[in-house]
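Undergrad: Spelled out from the first residue to the last, the chains are:
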Amino acid sequence: MEILLEKKKVFAYTAAHDLDPGKRSIVFVHGAGLDHSWFALQSRYFGYHGWNVLAVDLPGHGRSEGPPIPTITGMAEWVLELTGKLHVQKSSVVGHSMGTFVALECAARQPARVERIALIATAYPMKVADAFLEAARNNERAAFDMHTIWGHAPQVPLGGNPNPGMWMYGDTLARLRRLAPGVLYNDLKASNDYVFSGSVQCPVLFVLGSRDTMTPAKSGLAFSQAFKQSKIVTVAPSGHSLMAEAPDATLDALVEFFPKGT
Amino acid sequence: MAGPKYPGFDTLALHAGQSPDPATGSRAVPIYQTTSYVFRDTEHAASLFNMERAGHVYSRISNPTVAVLEERMAALEGGVGAIATASGQAALHLAVATLMGAGSHVVASIALYGGSHNLLSYTLARFGIETTFVSPRNIDAWKRAIRPETRLLFGETLGNPGLDVLDIPAVSAIAHEAGLPLLVDATFTTPYLMQPFELGADLLYHSATKFLGGHGVVIGGVLVDSGRFDWEASGKFDTLTAPYRGFHNMDFEEESGTRAFLLRARREGLRDFGACMAPMTAFQILQGVETLHLRMPRHVENTRRVVSFLEKHPVVERVIHPELASHPDHQLCKKLLPRGAGAVFSFEIKGGRAAGKSFIESLRVFSHLANVGDAKSLVIHPATTTHYRMSDADLKLAGISAGTVRLSIGLEDPEDLIADLDRALKAASRA
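Quick mapping for you: the protein sequence lines, in order, are chains V and Z.
Position one of the first sequence corresponds to residue 1 (my numbering), numbered consecutively onward.
Position one of the second sequence corresponds to residue 1001 (my numbering), numbered consecutively onward.
In short, the hints are calculated from the structure, not lab data.
Please note: incorrect hints may appear among the correct ones.
Capping the alpha-carbon separation at 25 Å, the derived lysine-lysine pairs in DSS-like fashion look like this [said to hold, decoys possible]:
id : chain 1 : residue 1 : chain 2 : residue 2
1  : V       : LYS218    : V       : LYS231
2  : V       : LYS127    : Z       : LYS1350
3  : Z       : LYS1334   : Z       : LYS1426
4  : Z       : LYS1350   : V       : LYS189
Here are some chain Z residues the structure puts well away from chain V; computed CB gaps all over 12 Å [said to hold, decoys possible]:
id : residue
5  : LEU1069
6  : ALA1074
7  : GLY1081
8  : GLU1253
9  : ALA1275
10 : PRO1297
11 : ARG1305
12 : LYS1312
13 : SER1367
Stretch by stretch, here's where chain Z covers chain V in the computed footprint (C-beta under 8 Å, at least three residues) [claimed, not checked]:
id : region
14 : 35 to 41
15 : 174 to 181
16 : 196 to 204
Here a beta-carbon is modelled for each residue, glycine too, at the ideal position from N, C-alpha and C.
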């Protein structure tokens, strides 16, 4: 769906369903430089299994008008404002990579409005290599290459894609090429600079890739200790792009964690 | 700090798309000779059908062996993905049918394989899709031919049989300015000699029957999408950006972004037209792809030796090859094809049709047949075979005369090829 938020066009994928006040809602928040379709299989599943789905394109990404929001807290406020405008009083939030911090902030800022959060491929702090940040700041192709190669498990270029006929590296590169200059840097810097100082009381699911080089599983595991109600699923041998590399295992973890939609 | 590196072309040609089989440890790509795949339960079945989970349902739509070839070709071309088809012609049809319907229009190079020319001129016209043909070298003609209902620009990376080098950067710029994609037939160049997506093409396909397979034992095609064309921004492609009643009102672009074209092509095109590739065919083409990086340099080197020989031969009127300074695309060839201009080319023999007949029938190593890109050297007379349905005017535009002979240079000892040609040319001179 497309709506206006603060006079800017905003897009959120709803799996071809209207929002139904009688259903539970789940929000998907993508990672740096990506968009809603990074969750294509998983968001579609929930949309056809009794949930209201809002897989958002953050400002400056996918079909949402820019500019991008420079901080994680700003992104979280934006998500809460969007769901509020759509009369979604309570939702669960699934985040990937940078989106995991947005999910955390939503839960910390508005605990009454967030039921559960799932963090796919996360680590705290999420320090970005200087060379990666610098290349992104200069809008160099090298930044796309680092995002693509480090964003997948080492075996991906030589392995088989669970999605028949697709080439994961090519798909990531094609998405990054569509970004406006500066968007990737914005996201990487926001992730790099994020400081989590709040408190999350709701249940938290960690879905971690055992071969993730961007947010190593051991960092995610260490981070999970900060939460009282956390559940951890480690997916072998996935890298950072769990939704593409291990779509079924990722979906299974989400399905088990979230109660039935209605 | 040095950045991470992608695997090289040679490594991708051998490995992309396949891990050792998890069930058996098989290093070679297994041939999944099956029509269908057992569901875990009814929920799993429903999820696969509704595209909530990745996997295989029925081998017309996807097959694990075929998927290895598709992913490998996407990797070699730098695309988001690929769809293998029953033939190169099926790949062209799939591309066109995915992008447009009746009332649409294509602008195409006149220098096309005869089968492609037939499809666009006669068959698709019957279904309401018109084509305007232009000389590939006339850049202004491409622009002038675009109409409001145009949905595609199309040409061959190397035109058939005159080896017109398509100026992909220039033609793609015209296409993109008009909000249209450029599709190229990259059969003659293969990903080893040219990377069309890096030059600006949006979609490409191969007759995998040719150099990709290389052994002349199977027919196949593969259609690859760069994922770079923004269908939504163009606003001209309802098949990709409007709800499709044939699949739960799916808006393919909204659903999958960069994967929209391939998603529709697979979920509609393979489902409804059914021109899929068989797993055994995919396996055999994969055997060829694994040595593409070794074969293509030898094809090019042998071709250069033969071209050099023919160019000096008194019975040869002219040799049409873009690596020769006499070819109108010589400079463009140097720019776009630094690794070589392939192994298929034409020459004109003195003495017209009778000399051509005598020449072809005197060859012993070259095989007279309707194919190119085989490991074995091949010969054919285009005006009476591959292009015989074209009008005289179109033949002239495509650079084909009664004396044109097309060669496909294989991997034999080049001295044997030259001796064979020399003997046949002497016979032709006596005809």
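Undergrad: Work down the list of hints and note, for each, if the structure agrees.
TA: Right, here's what the structure says about each hint:
For the hint pairing V:LYS218 with V:LYS231, the CA-to-CA distance comes to about 14 Å; that is within 25 Å, so the pair holds. A distance of roughly 72 Å separates the Cα atoms of V:LYS127 and Z:LYS1350; the hinted pair therefore is violated under the 25 Å criterion. With a C-alpha separation of about 33 Å, the suggested pairing of Z:LYS1334 with Z:LYS1426 is violated against the 25 Å cut-off. At roughly 69 Å between alpha-carbon atoms, Z:LYS1350 and V:LYS189 are farther apart than 25 Å, so this suggested pair is violated.
Listed as a non-interface residue, Z:LEU1069 fails to keep its Cβ farther than 12 Å from every Cβ of chain V; the least gap is roughly 9 Å. The non-interface label for Z:ALA1074 is inconsistent with chain V: the shortest C-beta to C-beta separation is roughly 4 Å, within 12 Å. With a closest Cβ-Cβ approach of about 4 Å to chain V, Z:GLY1081 is found to fall inside the 12 Å limit, against its non-interface label. Listed as outside the interface, Z:GLU1253 is inconsistent with that label: its C-beta sits roughly 9 Å from the nearest C-beta of chain V, within the 12 Å cut-off.
Its beta-carbon lying about 15 Å from the closest one in chain V, Z:ALA1275 satisfies the requirement of being farther than 12 Å from that chain. The claim that Z:PRO1297 is not at the interface with chain V holds, since no C-beta of that chain comes within 12 Å of its own (minimum 23 Å). Every CB of chain V is more than 12 Å from the CB of Z:ARG1305 (nearest about 36 Å), matching its label as outside the interface. Distance check for Z:LYS1312 against chain V: the nearest CB is about 45 Å away, which clears 12 Å, and the non-interface claim stands.
With a least CB separation of 34 Å from chain V, Z:SER1367 remains clear of the 12 Å interface cut-off, as annotated. Counting residues of the region 35 to 41 of chain V whose C-beta sits closer than 8 Å to any C-beta of chain Z gives 4, which meets the bar of three, so the coverage hint holds. Evaluation of the coverage hint for the region 174 to 181 of chain V: fulfilled, as 4 residues show C-beta separations to chain Z shorter than 8 Å, against a requirement of three. A stretch counts as covered by a chain when three or more of its residues have a beta carbon under 8 Å from one of that chain; for the region 196 to 204 of chain V and chain Z the count is 0, and the coverage is violated.
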